[in-house]
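Q: The primary structure of each chain is shown beneath.
Protein chains: 2
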Amino acid sequence: MELKGFAFSVVEAAIKKPGRKDLALIFSRVPAACAAVFTNNKVKAAPVLLGMERAAVGSCRAVVVNSGNANACTGQPGMESALETARLVAEGLGIDEAAVIPSSTGVIGVQMPMDRVRNAVPPLLEGLGHSSLEDVAKAIMTTDTFAKLAVRKGMAGGVPYTIAGVAKGAGMIRPDMATMLSFLVTDAAVEQSWLQEAFRAAVDVSFNCITVDGDTSTNDTALIMANGLAGNPPLSGADADAAAFRRLLDEVTLELAKAIVKDGEGATKLVTIDVRGAANHKDARLAGMAVANSPLVKTAFFGQDANWGRILAAVGYSGAEVDQSRVALSFDDVRMVSGGLFVGGDAETRGSAVLHKPEFRVTIDLGLGEGRATVYTSDFSYDYVKINADYRT
Amino acid sequence: MELKGFAFSVVEAAIKKPGRKDLALIFSRVPAACAAVFTNNKVKAAPVLLGMERAAVGSCRAVVVNSGNANACTGQPGMESALETARLVAEGLGIDEAAVIPSSTGVIGVQMPMDRVRNAVPPLLEGLGHSSLEDVAKAIMTTDTFAKLAVRKGMAGGVPYTIAGVAKGAGMIRPDMATMLSFLVTDAAVEQSWLQEAFRAAVDVSFNCITVDGDTSTNDTALIMANGLAGNPPLSGADADAAAFRRLLDEVTLELAKAIVKDGEGATKLVTIDVRGAANHKDARLAGMAVANSPLVKTAFFGQDANWGRILAAVGYSGAEVDQSRVALSFDDVRMVSGGLFVGGDAETRGSAVLHKPEFRVTIDLGLGEGRATVYTSDFSYDYVKINADYRT
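Protein sequence lines, in the order shown, are assigned to chains P and Z.
The opening position of the first sequence corresponds to residue -14 in our numbering, with each subsequent residue numbered one higher.
The opening position of the second sequence corresponds to residue -14 in our numbering, with each subsequent residue numbered one higher.
You may find that some hints are simply not true.
Each pair may be met inside one copy or between any two copies, as identical chains are not told apart.
[As the list claims (entries may be wrong)] Subject to a maximum C-alpha distance of 30 Å in a straight line, what follows is the list of computed DSS-like cross-link-like pairs (lysine-lysine): (1) Lys27 to Lys267; (2) Lys1 to Lys342; (3) Lys2 to Lys267; (4) Lys267 to Lys247; (5) Lys(-11) to Lys342; (6) Lys243 to Lys(-11); (7) Lys27 to Lys1; (8) Lys138 to Lys(-11); (9) Lys342 to Lys243; (10) Lys27 to Lys2; (11) Lys267 to Lys1; (12) Lys27 to Lys(-11); (13) Lys243 to Lys138; (14) Lys(-11) to Lys1; (15) Lys138 to Lys267; (16) Lys247 to Lys138.
Source of the hints: derived by calculation from the structure; they are not laboratory data.
So that you can see chain P by itself, here it is in the shape it has in the complex:
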């Protein structure tokens, strides 16, 4: 992948325990336009508080990110750790410390082992250029079982550019405190305020379709850097090149978001919940999220049980306007419910066959209006419980 002007590095800092690379650096050789979306959780990790402040200026040079420790609920000492980490990196790179955005994921409530971070920064800086973005994807993993990387190539003003991104997983679809991090880089030139708008929109139909706003972790962060070294005329507004960039940006974030769902802790299924016919978009989203988050629906998916009744019950309590006599429901192309009633015949057998597939779609038509929303979820397995009961130990 050609991504002009970006360099990456990963090292083992042994932040939680030794044996894996857990500290990563993303660096742009020139100032990059930057846009970011952070957790709505009122309990915010120190690096999130600092990152919000630094990303708000719309430009940055580097992101330094660790796994193994969330640096959340760590108070003033935690903030000093985030500041010091960014300062050490900035000093080594010879740039303004405000241009370095720190990020963390891992256990909550434990102070950062700063002695180990201090020791790890020099080799991190020396290694710049010797690691790939995929190495960064690996370094930020916590309970993820595979690295998440997505890449798209585009053209703007006759000039080729690349958008690439990495992400780490969110445990289950409603991540509570299981942090989601995603970092995107592009060498396209993009006007900053337009980048912020396009990125917010992309996050809304990707990461926010696997995460309820306000139901986010202490550390959730999605950030993009655009350094302009591809040399295209800066993208902005609604022309064809800008529209094409938005489509690629949406594809990268959606691919990463789906990868997070697929790698949900203990997940064995990737399920798309498609709500249509809602009174409005908000209702469609409420209904979709209620289904996607219901432990009873998710355990039924794990059991490969075509239990449409649990889905209707979740729609019913979602807060969306519902007239039960108008609801239709399908598993892939198999219609299960029409007019609120089970269709009978061989639907049970055929619906059950759909649920045995590793990926399938649930379409819910509320029959009321034009509201639509698509959300993505996984099933809820024994392993989810095992992973989360044992996580800290």
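Model the placement of chain Z on the given structure of chain P, informed by the hints.
A: Same frame as chain P, but now just chain Z:
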């Protein structure tokens, strides 16, 4: 237990499968004042729709309740089944059919096997008086592992009376579609509109502290019948006898609600979440419910992991006002967090010891105001997933 003027009956109707008594009748020999609280789910089972209408008049004679089939998402045929079941019972008892309230719990989306119900009603009526309220508690069980019965005795105007109740479980603490049913009977004389108010208040601090309003199943029902045959002057208002009745009513509903949590599907812990110092009562409840419903918190309880970070994260996304630097948290008497920070020392070891107990309390002080709320939850185990993945099959 002496409960004047009530008679009970249970029979095997083999509604889902043979082998257990699954149809029950509660009958008052005289018209009883009645008060009820039904699910807020917009998808309501046929017997709920009918029961809401019938309970609204404030008086009834009988409740006929089955397990094995929820009669939900069954449309007009389902409503006809509910009407016919109540009518058959009313005819056999020689009472007005509107005085019979039907209730159902079990699988959604399957029509009631009315041939079997018709065959079962005559023996149900013949058996009246040969069964106990505990038999009713057993007949309404679905995935419950023990029958839930609570009894209190009181005095009013020098006359003894009894309040007794049964309940069936709600799967996990946020029951989604796992139905909660509870039926209370008392021979005390109680003025109807006051009974409705007192019962609503009792439900709010018991069943509604294990169930988020709006997050209820298609069938949830709590109902009380007061037939007055104890002979006391009708209770009403705020005198000492009425206050004593309210206390006993609260005790019965809370005992049943705690029994439901204790018998949560796969539960191994009964956890009381006590939120104080919130900006107001609503915030306290939001924070408590977010903690009680978090799958990550619940799996940590199962893992006996003193993971206070997950609890703070849930408080953070609850929607309640939070200043993370003011939050304190304890497991029983072991202080874990002060001023938003881990207290250190041997708190980890001592907190962990608390989590090894089968019952414990989490106290969260937000340090902002006078708002308080107490909610009850269970842990989230392998067995929860197993039970709910396999329920229909």
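Q: All hints are to be evaluated individually against the structure, with a verdict given for each.
A: Tested hints:
no.: 1; hint: Lys27 to Lys267; verdict: both (23 Å within a copy, 17 Å between copies)
no.: 2; hint: Lys1 to Lys342; verdict: between (37 Å within a copy, 28 Å between copies)
no.: 3; hint: Lys2 to Lys267; verdict: neither (44 Å within a copy, 42 Å between copies)
no.: 4; hint: Lys267 to Lys247; verdict: within (25 Å within a copy, 36 Å between copies)
no.: 5; hint: Lys(-11) to Lys342; verdict: neither (41 Å within a copy, 58 Å between copies)
no.: 6; hint: Lys243 to Lys(-11); verdict: within (27 Å within a copy, 62 Å between copies)
no.: 7; hint: Lys27 to Lys1; verdict: within (25 Å within a copy, 47 Å between copies)
no.: 8; hint: Lys138 to Lys(-11); verdict: within (13 Å within a copy, 80 Å between copies)
no.: 9; hint: Lys342 to Lys243; verdict: within (16 Å within a copy, 39 Å between copies)
no.: 10; hint: Lys27 to Lys2; verdict: within (29 Å within a copy, 50 Å between copies)
no.: 11; hint: Lys267 to Lys1; verdict: neither (41 Å within a copy, 38 Å between copies)
no.: 12; hint: Lys27 to Lys(-11); verdict: neither (37 Å within a copy, 54 Å between copies)
no.: 13; hint: Lys243 to Lys138; verdict: within (19 Å within a copy, 58 Å between copies)
no.: 14; hint: Lys(-11) to Lys1; verdict: neither (33 Å within a copy, 66 Å between copies)
no.: 15; hint: Lys138 to Lys267; verdict: neither (33 Å within a copy, 50 Å between copies)
no.: 16; hint: Lys247 to Lys138; verdict: within (24 Å within a copy, 55 Å between copies)
This entry does not satisfy hints 3, 5, 11, 12, 14, 15, going by the numbered hints stated previously.
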